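Under the working numbering, the first residue of the sequence shown is numbered 100, with each subsequent residue one higher.
Honestly, the hints are just simulated from the structure, not real lab data. You may find that some hints are simply not true.
To be verified - Cross-link-like lysine-lysine pairs, in silico, PhoX-like; alpha carbons within 20 Å at most: (1) K408 x K375; (2) K1174 x K1217; (3) K578 x K646; (4) K1217 x K1206; (5) K1154 x K1187; (6) K264 x K288; (7) K1073 x K1102; (8) K796 x K844; (9) K822 x K446.
The structure displayed is predicted, hence computed values, not measured ones.
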Amino acid sequence: MGRRGVYMSKEGRIIKIAGPLVVAQGIPRARMFDVVRVGKERLIGEILEIRGDNASIQVYEETGGLKPGEPVESTYQPLSVELAPGILGNIYDGIQRPLDLIMAMKGDFISRGIELPAIDREKEWDFKPTVKEGEKVTAGDILGVVQETEIVEHRILVPFGIEGKIKKIREGKVKVEDTIAVIRTPEGKEKEISMLQRWPVRKMRPYKKQLNPEEPLITGQRVIDTFFPIAKGGTACIPGPFGSGKCVSGRTPILMGDGGILTIRALFQFAKRKGKQIKGEKFEEIYDISEWHNPSLISLNSEKFEVCKPITAYKGFTDSIVCIYTRTGKKVEITPIHQLFTLNDGKLEEKKAEEIKPGNYLATPRHIDLNLPLYTLPLLDILADSNLYSCDPEVNMIARKYLKSLTKEGKVEKKTRQYLRKDRNVPFNLLTCIKEEFSVSLIPKKVCSFHGKKITLPQKVTPEFSEFLAYVMADGNLKRSGYSIRFYNASPEVLDRFCKLAQDLFGIAPRVYPHPRGGRAFIAQIDCKAVFELLRGLGIPYIQKAKNAHIPECVLKSSDECIASFLWEYIVCDGSIDKEGSRVEITSASRKLIEELSLCLPRLGIISSIGKRKADGTFRLWINSSQQLENLLNMVKIKGAKKELLAQAIKKVKGRWSSIDAFPIPSFFRQFLKGPGILSYLKDKGIHAESCAYNQKKIGTHTLLRIVNTLRQNFSIPPEVEKLSNLIQEVFFDEVKKIERVFQKTEVYDLEVPRMANFVGGHGPILLHNTVVQHQLSKWVDADIIVFAACGERGNEVADVLREFPKLKDPKTGKPLMERTVLIANTSNMPVAAREASIYTGITLAEYYRDMGYDVALMADSTSRWAEALREMSGRLEEMPGEEGYPAYLPSRLAEFYERAGRIICLGRDERKASLSAIGAVSPPGGDLSEPVTQATLRVVRVFWALVAELAYQRHFPAIHWLRSYSLYLDNLKGYFTREVAADWMDLRTRAMALLQKEDELKETVRLVGLDALSNQDRVAMETARSLREDFLQQFAFHPIDTYASIKKQYLMLKMVLNYYDECITALKKGASLKDLTSLPVREDIAKAKYISDKEVEKEMEKINQKLKAEVNELITKTGGTV
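All chains, full assembly: derive it from the sequences and hints.
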């Protein structure tokens, strides 16, 4: 009871909902930044503002479906994280909910209001105390340790605010909530300590003393460590990279889930119109299409192809494209770092395009089961502008009722009132108008032109209608004069079939007459405007039909029987069967038709091959092997001479298998065949598999399946063999024959497919991967613990992190990198408010491990998305906006975040030194570094790595510009480099930067007056600067040696390049030729020095320097100078 006996409620009530902002009234004892539970589903929120009795709440989950009046309950606790063993290796969302547990319980999407502990309460840890009973301890002292992972020792600290003597200490197996120690405080109170502690995310964890940053955070990246180093405990900013995604070229056809085929560029244009823009910059565009219902793709889910929905569409640029050609004629154009699925010893493996070589096997679809129904023709859309009329009395009667309503409202012209009469047919344009106004589709069964004959229109795409369309596409044409359809053929059987189809489908009997030019050909002609308009509306070309032929979209979106009927009748008209019956071939002048056939044939379980373009400009597609031809024959229900011919030919070649459908024999399958009794059992069954077990290199799909199915009755099949046999029934492995690399600026596109991360596309179907970023800093940075906070980034970038990190090996220990990593995943399609918490969650976890005495690196990607969340909530709170709508307190919030980094002495008696380095990515729109978030960040951080799009296009990685970047830690680190590396380290760096600056200045001169205007000394300076850029700064992230350069190697490489400059200047003064100096053989050795291993670097560098000296001296001697 409250004052005056009035009952005080424990809950408040919602009075307003505005996106992620909820306003509640009457929350008792409400406090700023308290966590509350909102609504009946108990969504997690945080109080941001209190005005009188009203509290404004930032809700971290989707608020759709919330209603005013629902309860709001306060927890009276600030937003906190749980700290205990079990954090490392975990993947959390922005408010520390474990995503792997959520997926196991609820599936791929986070259920609203779900409550799960961040730390496993049931797992037991082996606790080893480091203090004894009776020992005095203070806050920050280490009570004991547990081995959290194989490479990280978790140190349990005395919580902040507690000191005293150890009364009791435990040892052995304990859970995180168990009491491990009892501390008697000076006041005489006993405090029970467990391993599980909590800390508010917005509050900085305390330390004893802050130290100056005097030691570099080595990354192994030469441009960073040598030119723009960051200190341990330092802060750095890096703008998000533009155009460096893993994508495919815009003309790549994509097989859609509804059977249709679109280029990825066209799909992106649809996304641009229908989707929600996430990012719109000069070099990069991203659209969220998760709420767009239409698009679906085909993806491989483990061992079966399924229909799935993309959630984002991406467009960027690249300077280099890899073209991969396979044995069956398939082709795909992708960026060098785009991954494809390859076969490696019987298992699927992701491999980057630039790593693929001839002889590798790519995963391509063998069988795709879409199970589509007959496609319903959208006749109102097709014939809307056709000047045709409905002759269906029932449809006309209903249409007149709607027309009367439109006439009363004045929405139709006066002349349309004539169609209210019962003796008048209603035109299609009025039926379309009715559909738009009343959402009613009136489809007439019969139609006619103004003076034309009544005909029947097909309502659905049936196998018979698909046959008719194949005839017209193969050997027919449309004549606009007279609105006629003509079909040319010399076979009476085919002509009769065409006439029968016209009669059955439209009620029209074509007239047949000899071809005017003589010969055996006849013409079957249909003169009907309605049929003409229908075929034209379905995409049958009437101009240059041979080059523009394609499979009509309505056939692609219909059942497999319709696809088979279209394909067979096209073969009847434009196909051929070879004399031996081992191959069916289709020839066409249309590349599009051939590609569409190859993309839709996997729906029939048929493997096809595409031939090169012939001299006459035609393209070929063929189906070979008796099994593939038999599949085709079984799908076709139509009888005819050609079908009988094919059936007889198949009998002759029965059992003959194409070498195309074979792949390298996996080692585990050989081992299985060598098992006791297996080869003899197979021999008794008539299968001779000895060569497969011992010396044969490849095995056919049919042979492997036959062996496995035979053995399954009496032998246990190993799981890997079972998995392979299931996989090859769905996937065909196509051998790579040729690879080309094209260097040109190209638009590239990508689609994000959640969970499966692949889709079917290409010039000929290939399984395409979709991912985006490599995280070199996280892998190589000289830190004990890595915290990676993905804040509002694209889902496929975060998915790439989640996929790649578990695979990465820690270069220090050889163990998985995840054993010293924590991932905070908050994607762009998650609620915007959750982005705001993810940065604080990440840095609080980082501070916790720092307090143990570790060097911790926090990667926050990106703080721009975090700032957008601040702007969103500030706008909804109706606060006074600052520049570009961001809140006025944005700079102070950013400063508070980066101020939590630093090198410190931790609390506790042992004076532990530790550091927390914060590296924040920003994503400035259009690369505009003057925008508020970037500028506020640059005022706080002391290192700026300027990623430049032009360098990314040139495939210069890391794409950090040497003249636009800076580091303010150079003076602090000078002593370290002088002491630990070399006394002349800073001098060499200064000279190298001066040469790069001079090159930039000289380029302006060259642009104005030409290269010949430069002195020889200046030209040597430009050559040396080029060597610095290409041989030193450029680093190949995927090369096993060049991916990381030790600080000693960096020094030796830099000194070697500058030695070349010094020797050349000396030689010029003694009369040596500039041309000879720039073409010294040793320059190739200098360029390859980056690939020398650390073990041999000193010896090999000395050899290169000696060779340089010798070659320069030889030049001087030749010119008569004195060495």
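Here is what the structure says about each hint:
| no. | hint | verdict |
| --- | --- | --- |
| 1 | K408 x K375 | 16 Å, holds |
| 2 | K1174 x K1217 | 14 Å, holds |
| 3 | K578 x K646 | 17 Å, holds |
| 4 | K1217 x K1206 | 17 Å, holds |
| 5 | K1154 x K1187 | 15 Å, holds |
| 6 | K264 x K288 | 11 Å, holds |
| 7 | K1073 x K1102 | 31 Å, violated |
| 8 | K796 x K844 | 41 Å, violated |
| 9 | K822 x K446 | 9 Å, holds |
Consistency note: the structure conflicts with the earlier hints numbered 7, 8.
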